[in-house]
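Once you've looked at the hints, dock chain B against the given chain A.
Here the protein sequences come in this chain order: A and B. At position 117 of the first sequence (counting the first as 1) the number is 117 in our numbering, and the numbers step up by one without a gap. At position 153 of the second sequence (counting the first as 1) the number is 153 in our numbering, and the numbers step up by one without a gap.
Keep in mind the hints are simulated off the structure, nothing from the lab. Here the structure is a predicted model, which is why all the values come from computation and not from measurement. A couple of the hints might just be wrong.
Said to hold, decoys possible - Label pairs and their in silico Cβ distance ranges:
hint : chain 1 : residue 1 : chain 2 : residue 2 : range
1    : A       : K261      : B       : D282      : 55 to 61 Å
2    : B       : P132      : A       : M48       : 39 to 45 Å
3    : A       : P86       : B       : V74       : 37 to 43 Å
4    : A       : G258      : B       : L279      : 31 to 37 Å
5    : A       : P52       : B       : D282      : 55 to 61 Å
6    : A       : E255      : B       : I31       : 40 to 46 Å
7    : B       : N233      : A       : G226      : 53 to 59 Å
Unchecked claim - Derived contacts from chain B toward chain A, CB cut-off under 8 Å, selection only:
hint : residue
8    : T22
9    : A39
10   : I58
11   : S59
12   : R230
13   : A248
14   : G251
15   : V254
16   : Q255
Glycine is no exception: its CB is placed at the ideal position from the N, C-alpha and C atoms.
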Amino acid sequence: MNSKKIVLVSAAALFFFSTVSFAKPEVIQIKGSDTMVNLGQAWAEEFMNKNPQTSLAVTGGGSGTGIAALINGTTQIAQCSREMKPEEKDEVTKSTGKSVKEIKVALDALAVIVNPGNPVSELSIDQLSAIFTGKVKNWKELGGADAPILVLSRERNSGTHVYFLEHVLRKGNAKGPEEFASSVLMMPSSQAIAQEVLRSRSAIGYLGLGYVTKAHKAIGVKKNAGDPAVSPSIETAQNATYPISRPLYLYIAGEPEGGVKTFIDFVLSPAGQEIVRAMDFVPLTQ
Amino acid sequence: MARKRPHEFLIESAIFAAGGITILFVVLIFIFLLKEGLALFRSVSVFEFLTGKDWYPISHPPKFGALPLILGSVWITVGAIVISVPIGVACAVYIAEVAPKWLGEILKASVEFLAAIPSIVLGFIGLVTLVPLVQKIFNLSTGLTALSGSLMLGFMAMPTIVSIMEDALTAVPRSYREGALALGATRWQAIRKVVLPAASSGVIAAVMLGIGRVIGETMAVMMITGNAARIPNSLLEPVRTMTATIAAEMGEAVQGSAHYASLFAIGIVLFVITFLINLTADFFLHRNK
Chain A
1 MNSKKIVLVS AAALFFFSTV SFAKPEVIQI KGSDTMVNLG QAWAEEFMNK NPQTSLAVTG
61 GGSGTGIAAL INGTTQIAQC SREMKPEEKD EVTKSTGKSV KEIKVALDAL AVIVNPGNPV
121 SELSIDQLSA IFTGKVKNWK ELGGADAPIL VLSRERNSGT HVYFLEHVLR KGNAKGPEEF
181 ASSVLMMPSS QAIAQEVLRS RSAIGYLGLG YVTKAHKAIG VKKNAGDPAV SPSIETAQNA
241 TYPISRPLYL YIAGEPEGGV KTFIDFVLSP AGQEIVRAMD FVPLTQ
Chain B
1 MARKRPHEFL IESAIFAAGG ITILFVVLIF IFLLKEGLAL FRSVSVFEFL TGKDWYPISH
61 PPKFGALPLI LGSVWITVGA IVISVPIGVA CAVYIAEVAP KWLGEILKAS VEFLAAIPSI
121 VLGFIGLVTL VPLVQKIFNL STGLTALSGS LMLGFMAMPT IVSIMEDALT AVPRSYREGA
181 LALGATRWQA IRKVVLPAAS SGVIAAVMLG IGRVIGETMA VMMITGNAAR IPNSLLEPVR
241 TMTATIAAEM GEAVQGSAHY ASLFAIGIVL FVITFLINLT ADFFLHRNK
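Isolated chain A, as found in the complex (with noise of 0.2 Å):
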């Protein structure tokens, strides 16, 4: 009965193979703000390595990028750079049939930057604002040079954009009539921003802590004109004296299981808010 047994032998290997081969990595996308893409990343490699049963997948495209994933299901974590709307929550919720959970894993603190070449090294909420809306075209008017002002703004995809646009120009009231005026610059990414800045020595433009290097002026901020002007940095924005910082955000549909609460956890976690630091954001205080 030789047959019978390379029958029953090839039927076990076939069933033990296909066992393997059903024991794939898990596989979670990560998708949305450019401003947390490369944490995100840093925080993928890391928990890869303790986890390497589970696989994460990060891409960016900016904050709403990563929402509308979410609602279509093609992503399970969304990054946001900013709070989702409640008509985005209200879409998550009629095409997933689950409710959104907001998890708050790090802080931004926003520089604005200038040309260091530039004399002017304080301004008040008010002077962003009238510059950024294009009330005030000439740094004459703030002390500076005798130049017109070249205003650097991220596209309107960016959550960075929403976040300055609802907490500078509109001063914290998000349905203010404040506009970016039509002649400031839509950038494609922080990076160039980064670059107009170096390059032109009557530029102004504001960009995640992460971006900003030894070559950038960051300009210190007054809340009001009367306060002390508060340089960016991790300390302030934690103690939240520096007047523009922002919570970061993940985003999922319903309660996290799996490999979604364990990534979630480790996020939170003093190691994942040691990546933070790391990255040149700003942890959470616990």
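Below, chain B without anything else, positioned relative to chain A:
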């Protein structure tokens, strides 16, 4: 006529189906564009959309004035054509009429190779070389201007223009040139008064297809034109094109919102413009046949 063999019938139907599917796709794309884009005009009139000067799609209330975007695309395209057509014509005439055969072959292959460089690579090269150069030469506060975009796109339209134009010039019968030369015309006179007019439909088609290439370009333009949605007064100011607007904002637009529809409406405008351009090119290409 002999009866068709079965495999011949099969192959013929397969080829017919392939052709038919292409047309079907174009029609479906247009229907999709219309369906998504026309939703905008429930809240905004077509006139407001085409002539409004303010593009604030995520404000409360939003403003969907696409005129700065349309003019941005037009400015850049006109600039690119002014730059690329004279050079393109000269290049094509040189390759087809003047250059020795071996040199012409090398030149044509090189120009066509240009078309193979991905536009994002050209955009990046433009960003680090052309933009600072423009800033320096014109002493501007920024080099991210319509002029930088025009120069870059003129360069990108060149392969299309040269390649099609060279084909048109080569297609002019030899006897035309010989006749002109025999009547005592110089080589320049023969090219200018005989060959170019004879190939005029091909020349115009080449320019039209070049325009089509320029107006649809996205990535390079987004990287080097500054994207400020304001009607430009000169080529030395930043502009925002229709294509860059769609690319930059589509990621953020909430599906089904007026903003989402407005981006498709811009898509319709672009589609209509390129359709008209291609139609004109086609008209001139087939005029003499």
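Checklist entry - Checked against the structure, which of the hints given earlier come out wrong? => result Numbers 4, 7, 8, 9, in rising order.
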